[in-house]
Structures are given as structure tokens and as C-alpha cells.
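J.: Throw the hints in and build the complete structure from the sequences for me.
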Amino acid sequence: MLGALACLVLLLIGTMVAMVLYTAWPSFRSNGLAWFGAGAPNQGQLDDIFNSPANPAAYQYELRAWPMIWGTLLTTAGAVAVALTISLLSAIFIVEFAPPRIKRVLEPVVRLLAAVPSVVYGLVGVLVLVPFVGNLLVSERRKAEVQYVVQLTGDSLLVAVLILTFMITPIMVAIMVDALRAVPRSWMEGSAALGVNRWRTIWKIGVRAARPAIVAGVVLATARAIGEAIMLAMVSGSWFAPNPLDGFTFLVEPTRPLAASIVFYLEGRTVPPLGQTLAAIAAVLLISSLFLSLAGWAAKQPLKRYGIV
Amino acid sequence: MRSKRLLGVLGAVGTLAVLPAAADAQSRGTVTISGSTSVFPLMQPLARAYVRSEGRGTRFRIAQGGSDVGVADAAAGRVTLGMSSRDPRAGDPGGIVFSRIARDAVCVITNSANRVSNISQQQAQGLFGGTIRDFGAVGGSGGVDVVVRSAPSGTQDAFQSLFLGSTRPTSTAQTVASNGLVQQAVRSNPRAVGYVSLAFTRGVNVASYQGVACTLRNARSGQYPGTRNFFVVSRGRPRGAALAFYRWIRRDRDAQRIIADGYVPLR
Numbered sequence: 001m002l003g004a005l006a007c008l009v010l011l012l013i014g015t016m017v018a019m020v021l022y023t024a025w026p027s028f029r030s031n032g033l034a035w036f037g038a039g040a041p042n043q044g045q046l047d048d049i050f051n052s053p054a055n056p057a058a059y060q061y062e063l064r065a066w067p068m069i070w071g072t073l074l075t076t077a078g079a080v081a082v083a084l085t086i087s088l089l090s091a092i093f094i095v096e097f098a099p100p101r102i103k104r105v106l107e108p109v110v111r112l113l114a115a116v117p118s119v120v121y122g123l124v125g126v127l128v129l130v131p132f133v134g135n136l137l138v139s140e141r142r143k144a145e146v147q148y149v150v151q152l153t154g155d156s157l158l159v160a161v162l163i164l165t166f167m168i169t170p171i172m173v174a175i176m177v178d179a180l181r182a183v184p185r186s187w188m189e190g191s192a193a194l195g196v197n198r199w200r201t202i203w204k205i206g207v208r209a210a211r212p213a214i215v216a217g218v219v220l221a222t223a224r225a226i227g228e229a230i231m232l233a234m235v236s237g238s239w240f241a242p243n244p245l246d247g248f249t250f251l252v253e254p255t256r257p258l259a260a261s262i263v264f265y266l267e268g269r270t271v272p273p274l275g276q277t278l279a280a281i282a283a284v285l286l287i288s289s290l291f292l293s294l295a296g297w298a299a300k301q302p303l304k305r306y307g308i309v
Numbered sequence: 001m002r003s004k005r006l007l008g009v010l011g012a013v014g015t016l017a018v019l020p021a022a023a024d025a026q027s028r029g030t031v032t033i034s035g036s037t038s039v040f041p042l043m044q045p046l047a048r049a050y051v052r053s054e055g056r057g058t059r060f061r062i063a064q065g066g067s068d069v070g071v072a073d074a075a076a077g078r079v080t081l082g083m084s085s086r087d088p089r090a091g092d093p094g095g096i097v098f099s100r101i102a103r104d105a106v107c108v109i110t111n112s113a114n115r116v117s118n119i120s121q122q123q124a125q126g127l128f129g130g131t132i133r134d135f136g137a138v139g140g141s142g143g144v145d146v147v148v149r150s151a152p153s154g155t156q157d158a159f160q161s162l163f164l165g166s167t168r169p170t171s172t173a174q175t176v177a178s179n180g181l182v183q184q185a186v187r188s189n190p191r192a193v194g195y196v197s198l199a200f201t202r203g204v205n206v207a208s209y210q211g212v213a214c215t216l217r218n219a220r221s222g223q224y225p226g227t228r229n230f231f232v233v234s235r236g237r238p239r240g241a242a243l244a245f246y247r248w249i250r251r252d253r254d255a256q257r258i259i260a261d262g263y264v265p266l267r
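Residue numbers (our numbering), protein chains in the order written: chain A, 1 to 309; chain B, 1 to 267.
If you're looking for bench data, these hints aren't it; they were derived computationally from the structure. Model, not experiment: these values are computed from the prediction. The reader is advised that the hints may include incorrect statements.
Incomplete in silico selection of chain A near chain B, CB under 8 Å [what the hints assert, rightly or not]:
1. GLY44
2. GLN60
3. TYR61
4. PRO131
5. ASP155
6. VAL271
With the Cβ distance kept under 8 Å, some of the chain A side facing chain B (calculated, not the full set) [as the list claims (entries may be wrong)]:
7. PRO41
8. PRO53
9. ALA144
10. GLY154
11. THR270
For glycine and all other residues, C-beta sits at the position ideal for the given N, C-alpha and C.
T.: As C-alpha cells, this is what we get:
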């Protein structure tokens, strides 16, 4: 009975992947590898696809998805990098240094944060952070300088990365705390017995032993960051590929990642070519998360030797 | 990932709730409705008032989703009536009928610190097309940030045909997902200009269009040029309980009063 249920889940996942790929095929076939390249603004391309004539032979498919892919890469990499630093240090604090009283409050709070729905974060972004960045952080002069290329309204990479970091940090902290706790006590005691101080012990023994679990945590958090849609659709702004050479302006430039683009055009999915294009975007996300799961599985293997995971 | 899953679950629950109801719609007098988020705030009080007065025994299930969802659901028979805030299009599925229920005004709005009093069609095309980059040219002040909706939006469709004509919105425009978010973006950004349904104009500066103020009174008198239609969409002509409801909307005095509260009744 349980086996049958498990098989049913597998079957469902298989069917879903097959369906997404099948639906997405016309978009990939029509664009070829240029699908992943850079080109005209995505907004215009998606609008053209949506406004395709009713005749199937005349369907528009042209899409150069690079700005969206770049947006996904930037937001994900930025958030994961910041979150890794914060969560590693917090996990060490919780496991090794925090007094029991603080520990008792901190841990449940972190786990609660991991469960907050992303619209709530998005709402805070739209109502507080976006106006703050748009009206106070970015000067009128800076806006005027670039207004023929891009609008700096506060919807920005900075806000997106900030909130995304806030969303994935709790997951990473929870996983890292578990991993650091699982490091055999005797290893740490051995180090302490040699006269090594606490910080050096946890850093050289604890963190090093838990490294594979930390990688697994990063992978899980990355998967969540890549797939995050609603919050990013609310705060990250419109289609634009931020340029790192722009200095500070780079941080406040808008971008629209893949998942957020799906949310944006979902309403028009009944127009066949647009539905197929959205499926193509979904397929790219699906395949990247598949690879991430594989990477996460591979990262956990070394730990099995010690029976930690 | 969580929010996508949540959406999926909600979608599944919504479909489950709507599907069986559509099957025996005629026999038990159930009307299922889905579609435009612009029409929804009007449809809800209408349905409530209908059940209280003439339509005792009629059951309603109303979902949202956007004009295109309403059209597609109605065409596929998933709902009895779809809601649409855009006109019929060449690409729509065959065999469906659009029936008008009310009219609504689309207003150009700016931040309340930037009092643009009036714009012409040419100025609207310049602002949203990206050729006018300073509000000085239209009687305001400061640089211009354009806020628009994406193509599947009914409000975008109406704005395109009423204001822009063949001009396309500039590619640098900030695209947001709903009337409320346009309102929020404009309210919080002194440089912003956007467009919303008349019901979403609180807290912002509303510009007149071609010399006529965007108010309910001007929309009702027919002077305001930026008005659009609200439709219910059905597969074939409305039948049974849906027909009774549609007739009530068009003829009953209470229904007309509800519409007149924020929209333009049909005469």
C-alpha cells in the first residue's frame, strides 16, 4: 500500500516533467539555442507572443531569455552568498556559544521564520523597502543620468537580494545547526584537550566535519531561491539585465528572474504560444532544480561514512 | 517553491470546487463565475443582492484570475459565466458570447506631489511611449517613471486602445501585476505615472484626459473618453440561472444602483 503510494508520487512527478517538456518543445524548437541568448527586451517579446494571431502557423515564439536567466543568477548568487556568511556564523553561535536561555528562544524563532509565506515578505518589500530605496537611497541625479536606459524606481536587485537572503537564511541555519550538533562530541573534546580554544575548535573541527552538510544546506537554499516567484515578482522590478560595471547603480537596477516572469504572464497562459513559452521557462527551472538535487545528494555522501546524516 | 506549491494547491481546490458545480448548473440553479480582477469587486455585491432578492435558491461561486482566464474558462465550460474587462479579440475561442453589464473609466494617475492636471492623447502617447522624459512638458515637474501592466491585463488592453493607439509602451517601463500595485507604485514614487481603473484612484493625483476630469460623473455622462466595457462571457447565449441573473443585472433597479455606486450603468 505504502509502496503503491510512493510509486504514485514518482509517476506524478514523471508525468509532470514529461508534460512540461512536451508543452515547452515548440518554444525551444523555434528559438534553438538562441533561447538562452540576449536580444530585444523580454517585455516586448512576451507581449508579442501573447498577441500572436489565432492562426497556429503564424504563432510568435521569439524569445531571448538571457535577461531573465541573468536575473535569476544574480538574485540567487547574491542571496546565497550573503545568507551563507550570516547563517554559518549564527549556527556556530547557536550551537557553541549561546547561553541556554537565548538558545531556547533563538531556535524556534529561526524555524518559524523559515515557514513565513513569501507574499508576506513581498508585501514588506513593496510597502517599506522599495519606497525607501527609490526615494531615499537613489538620488534624482542618478535617476536622470540613466533614465533613457532604465528607470530606477526602487524595485531593484538590492531589495530582491535583501529579502531573498532573509527568506533562505533560516533554512540554512536550521540545517547547519543540526549538522554541527551531529559532529561527534569526542572530536571536539579531543581538540579542546590539546589546548585549542573554543572558536578554533568549532572552526577547525566542527565546521570542517560538517562541511558536506553545509553544502547540502546551501543547495537546498539555492533551490528555494531559484524557484522563488511571488516575492520577486513584487519587488525585483521589470525586465532588465543589471550591469556590474555600473557601480552603485548596478545594485538599484531592476531585474526580473525566470520564476517571477511566469507569475507575471500566467494570466495569459491560455494563448497557446504564451503557454508554451511559460512551459519552456518552467522547464529550465525544473532542470536546474533537478541538477541541484543531484548536487545536494552527492554532497551528502562523504558524511555517510561517519553515520552523521 | 513554497508559494508555487501553495498556488498549485489553491488552484486544485478551486478547480475541484468549480468543476462539479458547472456540470449540474442548470438543474440546481448554481452559477459559477471566474475571470477579471477588475470586474470582481462589482460582481460580488451584485451576486449577494441577487440572492437576497429575486434569485433566492440560486447559488454562486465566484473566483478571480484575470480577463483571459474568464474567457478561457467560459469557452471550455468550466464556469457558467466568465468576467472580462476587455473587448472581444480575434484570438478568442469560437462560440462564446460577450454580454455587457457595465462601463468603467480608466484614469491616468501621478503622485500627489506632482499635480499634472490634464493630458492630451498625444501627451499620453509621449509619456508612456518614452519620448516625453520630463513632466515639465505636461504641466508637472521632475523626471518620468512609467508604470504599466503586462499584455494579458484587461486594463492594459483598454488603455492601449483608448489612450495609446498604435504607440507601444516604452521598454524601460516598470511592469506590475495589478491595479492595486500600480496605485501603490505611483503613490510611493514622485516621478511615477500610471493608469488604473476608477476604483483605484485614492491617494494619488488623477489627471484629466483631453480636458475632461476622470470622475464617475463624467464617465456616466459619456464625456470622458477613457471608458471601457465590463462583460460577462458565456458559451453560447446565457441560459437558465445565468440568464436570469444577467437579465436581473440589466433590468433591476437595485442592480443598477449597485453598479452606479462605482461604475457606469448601461442605459
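J.: Quick check on GLN60(A) please, does its C-beta sit within 8 Å of some C-beta on chain B?
T.: 12 Å, violated
J.: Hint check: is the beta carbon of TYR61(A) less than 8 Å from a beta carbon of chain B?
T.: Because about 15 Å separates TYR61(A) from the closest Cβ in chain B, which is outside the 8 Å limit, the hint is violated.
J.: Take the shortest C-beta to C-beta distance between PRO131(A) and chain B; is it under 8 Å?
T.: 4 Å, holds
J.: Can we keep the GLY44(A) interface hint, with Cβ of chain B closer than 8 Å?
T.: Where the cut-off is 8 Å and the nearest Cβ of chain B is about 6 Å from GLY44(A), the hint holds.
J.: Classify the hint on PRO41(A) as holds or violated, based on whether any CB of chain B lies nearer than 8 Å to its CB.
T.: PRO41(A) check passes; min Cβ-Cβ to chain B is 4 Å, inside 8 Å.
J.: Hint validation: VAL271(A) versus chain B, beta carbon distance must be below 8 Å. Holds or violated?
T.: 7 Å, holds
J.: Let's test the interface hint: is any C-beta of chain B closer than 8 Å to that of THR270(A)?
T.: At 4 Å from the nearest chain B Cβ, THR270(A) passes the 8 Å test, so the hint holds.
J.: Verify the interface restraint on PRO53(A): the C-beta must sit less than 8 Å from at least one C-beta of chain B.
T.: 7 Å, holds
J.: Is the interface hint for ASP155(A) satisfied, with its Cβ closer than 8 Å to some Cβ of chain B?
T.: 6 Å, holds
J.: With chain B as the partner, please determine if GLY154(A) meets the hint condition of a C-beta pair closer than 8 Å.
T.: 7 Å, holds
J.: Under the criterion of a CB-CB separation shorter than 8 Å, is ALA144(A) in contact with chain B as hinted?
T.: Status holds, d = 5 Å.
Checked against the numbered hints above, the structure breaks hints 2 and 3 and satisfies the rest.
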